[in-house]
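> All chains should be built: construct the whole structure from the sequences, respecting the hints.
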Amino acid sequence: MKDITAANDPHPDAAAILDARLASILREIGIPPRPSILEQIAREARREEPDFHHIASLIGRDVGIAAGLLKTANSPYFGYRQKAHTVQEALIMLGLTVTARTVAGLILRKVLPSGPHLERFWDTSDRIAQLSGWLAQRHGAEAQRVRPEDAHTFGLFRDCGIPIMMRKHEGYHATLAEANRDAARAFTEVEEARHPTSHAMIGCLMAQSWWLPETIALAIRHHHDHVLFAAGAGGLPAASRELIALAQLAEYLLQQLTGLCQTREWDKMGAACLGCLGLDADGLAALLPQARAFLDTLEPL
Amino acid sequence: MKKPQSDKSQAAWPQGGRVDALAGLPDRGACVRAVAEQAGPGRRPLAVLWLNIDRFKQINDSFGHLAGDGLLAEIVHRLERAGTRGRLARMGADEFVLLVPDCGPGRAEALARDLLDAIGQPLEIGSLRLRPSASIGIALSSPAEGPHALLERADRAMLDAKHLGGGQCVFAGEVLPSGRSGKHLAREELAVEEVLHRALETGGLSLDYQPILRVADAGLEGVEALMRCRVDGALVPPARFIPVAEKTGLIVRLGEWSLLTATRFASRLIAQGRPVRVAVNVSRAQLTAPKFSQALHAALACSDAPAGAIELEITESLFMDRSEVVQHNLHAALEAGFSLAIDDFGTGYSCLAVLKDLPAGKLKLDRAFVSGLPEDRRSYSVARAVVRLALDLGMSVVAEGVETAAQHEALCEAGVTAIQGFHLARPMAEAALEAWLIARSAP
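Residue numbers (my numbering), protein chains in the order written: chain S, 1 to 301; chain D, 1 to 443.
Hint data in this document are derived by calculation from the structure and do not stem from the laboratory.
Think of the CB as a built atom: it goes at the ideal place given N, C-alpha and C, for glycine as much as any other residue.
Incorrect hints may appear among the rest.
To be verified - Which chain S residues stay away from chain D? Per the calculated CB distances, all over 10 Å, these:
{"id": "1", "residue": "Ser57"}
{"id": "2", "residue": "Glu89"}
{"id": "3", "residue": "Met93"}
{"id": "4", "residue": "Arg138"}
{"id": "5", "residue": "Ala177"}
{"id": "6", "residue": "Trp266"}
{"id": "7", "residue": "Leu298"}
To be verified - Just so you have them, the derived chain S footprint on chain D, three or more residues with Cβ under 8 Å:
{"id": "8", "segment": "106 to 115"}
{"id": "9", "segment": "201 to 210"}
{"id": "10", "segment": "280 to 294"}
Printed below as a string of structure tokens:
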């Protein structure tokens, strides 16, 4: 879901003005290197006996991150029976690796370019991440492949290259609109025809530098590569394929339920995603009301 | 998923099959008979999944047969849990077949991926943590085909999967991209592979930067980024992890990680008002990948550094690669504004005449010519000839691995334009280099 203005602005001039304004806002904000809190958690995790108390106090210094971590640990789709009341409890429940990834997801929105016109983009990413985690938990009960936490992290990071592309490459707004409309070429192909790189490549490099696992980095890199995805097992690792399928399905469900941001991705990848997840048309239809009920349980954005 | 009762699964096999002692599974003969019964005219399609454990021989050789047997038992356990819809047989030391009746390609592939995932979970043998993997060939029965031919197709597809590098499944007859060979890792290498995975997921990688100083005015020409890998506090030498990263394909990820990290550092130095050109090593696997240029631009987009702040060090032999993809990538990098340096010059087999065709602005003389100086007059003569030619062609020349004042002096005499080595400055972590830069600029 990449069109960040309200459903393809009909006035090209207005879009151009917006583009210029957005570009000027974004140019002033640098892309941060790896956030130091991730570095500190990683450093602690490398010790033979990590000091959970120290990590909890690091996380506790930022109220937003601490609250986000608790919220994540207590999310219904993670399926933990107990509730975490303190950061330290959440740490023990999630473990260091998942904590590091969750914190990465929580910081992401803070450190990447923001601005009034990216609000909806980030809100959508958040919803897709939540739905992906929920789907992974439902699906995982049968297959035990992708963890809901990883599906959630992937949902957050999948399109993190978009704000960076917007900031760096003029006219990217128009590229997004074209890529969203193109029914034949891969989304990234449209990007690469107009710009020297793509949001998928940027997202992959970001994920690598934030110490996310290879399966997530690869899934980000190839999440629009419908030919490689449809090629099946010869191409991507199974876990990466499943992450892509879960998030794509989450995006489709969200689009169906909100009627917003129609893209052509489901036409290109939907059938292969359903195949990957072992879902048929009836299963998909049955998911819709359940997804609506799940979204209703979430706090309003 | 419940483990199937062994007596029940045995009962489903035709009589006369000998039960394999180690794995408690039907053997090859029983498997052929089962295929004959379940495939053929008028029967629903039968999927044959032929599975071979990757690197089993190396594991067996390195850890001993007891460990190998333990690995097999665990893998059989995992296969039985993940493959409940099929029937498992053991075809050889590390080879298994799963027969899945009434199964089309979609289900067969999904099942194969389940099996690969189940097998790929980390496993502890002694003090070492392994990530086992397997290769799977899939063949679907056709009405006119006999059991031997069907099994043979699955076996061949498994070999194709193996040639993809392991950890994959491939359908019989599926066209494969060429040029990749199977992994062949020894015990030490398996351990290093695991270390690399851990380092990548727990922040165990870092870059040190070694200054390169100009001869003319002792000014800073740039720094070279050198990768460091730490696990459990211990440093793993590059000579140990780089070859394994190259064998396993992890080198691409390490290379991209270095590129982004170095580019960000260059950007930070610019923001501090101390712009320094940072040189990054590029591997063959990166430069032969079709999206090399996109990765370069992605690093720039994430870091805000101008391309001119980054120099890509590419070995002589890689520069000589005339393949279309390498030439395209080299020119795309130049076009984007990156500068290129020929690394380790003198170790390949190139003749000096090709230097005129290479799109590089800098040549780095290999340490092999430096280590014998000043006594080794032959090395000195070659170094001097290379330097003269390179300078005539408009390149600058850096001597690497300079460890003594005498070497330094000899190289200055030979005409090199810049020096890199312990004699002048050691590789330093980011913070140390920043302090070093500040100290140098102080009056």
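> Please write out, lowest number first, the hints stated earlier that are contradicted by the structure.
Checked against the structure, no hint fails, so every one of them is satisfied.
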